[in-house]
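Here is what each chain is made of, one letter per residue.
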Amino acid sequence: MRILGLYNYWVFVFLMMVGFYILISRRNLIQEILGLTIFQTAVFIFYISMGSISGAEPPILVPGAEGIVYANPLPHVLILTAIVVGVSTMAVALALVVRIKEAYGTIEGDEIADMDTASEA
Amino acid sequence: MDLIIDFALLALLALTSLAILRQTNLFAAVTLLAIFSFTSAALFTVMDAVDVAFTEAAVGAGFSTVLLLATLSLVGGGVKTPQVRIVSLTIQAPIRRPTFPLVVVLITGGILVYGTLDMPPFGDPDNPVHRHVADHYLLDSEEEIGIPNVVTSVLASYRGYDTLGEATVVFTAAVGVIVLLSGLRRRDSLGEEAWGEEGLHDLDPGLGASYSGHDETSGEDEKGERPGERPGGGVP
Amino acid sequence: MSDQVILRVTTKILVPAILLFALYVQFHADFGPGGGFQAGVVFAAGFILYAMVFGLRRAQQVLPSWVSRLCASLGVLIFIAVGSYSMFRGAHFLDYSVLGHDPLEGQHIGILLIEIGVLVTVLGVILSIFYFFAARGREDL
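Chains as they are written, first to last, in this note's numbering: chain G, 7 to 127; chain H, 14 to 249; chain A, 140 to 280.
Just to be clear, a hint being listed does not mean it is correct.
[Unchecked claim] Below, a list of computed lysine to aspartate or glutamate pairs in the EDC-like style, where the Cα atoms sit at most 16 Å apart:
| hint | chain 1 | residue 1 | chain 2 | residue 2 |
| --- | --- | --- | --- | --- |
| 1 | H | K93 | G | E126 |
| 2 | H | K93 | G | E63 |
| 3 | G | K107 | G | D122 |
| 4 | H | K93 | G | E114 |
| 5 | H | K93 | G | E72 |
| 6 | H | K93 | G | D116 |
[What the hints assert, rightly or not] Okay, the calculated bits of chain A under chain H, using three or more residues with CB under 8 Å as the criterion:
| hint | stretch |
| --- | --- |
| 7 | 145-156 |
| 8 | 162-175 |
| 9 | 240-248 |
Just so you know, the hints here were simulated from the structure itself, not pulled from any lab data. The C-beta atom is built at its ideal place from N, Cα and C for all residues, glycine as well.
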């Protein structure tokens, strides 16, 4: 049973690391945003999995029933906020990418850096 | 049965993330990200987080995909792949494999896996996260607030201040996007004259010339329309 | 998409259902999964679908850009107004128990108003962001 629980955690670590790898190894700005989104979603899944109880019900109270185990509602609330904040920052990041494309003509990180150093020289 | 669904969804998530890693066409990568979001919404439902699943499906798989596709239509959906010269032929190489990021990721992943060996058992009701406040919310929400959905009562009443902060963050993001994409010019040291008519034009996509030329002499602005007239007015 | 008859007819049938579902999710936040954020996104999705099929110009005739910007700030204003009214009645900021004649009813009223505020904000924000992204670089809009 312990191995099954560990399998859950290891898949989350794998997802986080895939997102992290996309973020640090790719130069295209939109690919970096995709990697960041994968990382973020993996963190949300990890957080929610810590609040789940085996054999529990969703945290919607059934009136008049006794002895029901409900899932922990607190991680749900925090992750709900985090999802909305995450998409807000992604919207601003994409607006910045649009402006960068209009200013530099490209969205590849190394080409932008080359243009910057060439204009400073 | 629950476990089999859990296994299958987690495996699907891992495969989708690997597929996003290997993509060079960004439109395909965005579609795969929508699949990733939907599968994680299904995983949230299996883990009894129904509110979170709803939000992830609506926001992550819905609005995120629309935004990314809108950006790709403005920016272009190709990724630059390195070119390799063989004699006189230049071909597009497959995605390069940088070694240093791989080493960093493997070391970080190794440390995290070592950390998960210490984690409490998955799904155990005696985990430390279920102590402190969670019992109070579940037990006392019926008398203090009286609505069945505990997540709504925690979100709106017990943690209402956090929700106010979230609404403000969302509003700030809208302000940020409007400022970035509206074409407002910076007001430099000349003051009002340097503002330019283009600034007020682009603030309102779709309203066009109605804002300009109110205080100046009537006539045509640089779009060639009379002030007060909407561009392309009439049935499109 | 003037030649896509199936898309246009289906959208005309679907958009009212989408908006109605969004209101259902909003007002049943107490009894099932839902709430302001989810309802706001679904409500905006109805308008985004309309804009994608019938064109951005017609969508802006239905819901102009200034209305979406107004909604974005109006929602936060509703939220803060509820909190300030609680302070005005002598309780803490965002303490809903003074909003009705007994604490339980006050909580109901407070949660309803808060969720409406969040719905309006999220609707305004998502529509504004969509309008500005879609109209970028097009001189005719």
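Evaluation of the provided hints:
Using a Cα cut-off of 16 Å, the hinted pair H/K93 and G/E126 is violated, with the two alpha carbons roughly 24 Å apart. For the given pair, H/K93 sits about 48 Å from G/E63 by alpha-carbon distance, which is inconsistent with the 16 Å threshold. The straight-line distance between the Cα atoms of G/K107 and G/D122 is roughly 14 Å, inside the 16 Å bound, and the hint therefore holds. Of the pairs offered as hints, the one joining H/K93 and G/E114 holds, with about 7 Å between alpha carbons and a cut-off of 16 Å not exceeded.
Pair hint H/K93 plus G/E72 does not hold up; C-alpha atoms about 60 Å apart against a cutoff of 16 Å. Taking the CA atoms of H/K93 and G/D116, the gap is about 10 Å. The hint holds against a cut of 16 Å. Residues of the stretch 145-156 of chain A with a Cβ under 8 Å from some Cβ of chain H number 0, which does not satisfy the need for three, so the listed coverage is violated. With 8 residues carrying a beta carbon less than 8 Å from a beta carbon of chain H, the stretch 162-175 of chain A meets the three-residue requirement, and the given coverage holds.
Against chain H, the stretch 240-248 of chain A contributes 4 residues with a C-beta closer than 8 Å to a partner C-beta. That satisfies the three-residue criterion, and the hint holds.
The structure does not agree with the numbered hints 1, 2, 5, 7 stated previously, though it agrees with the rest.
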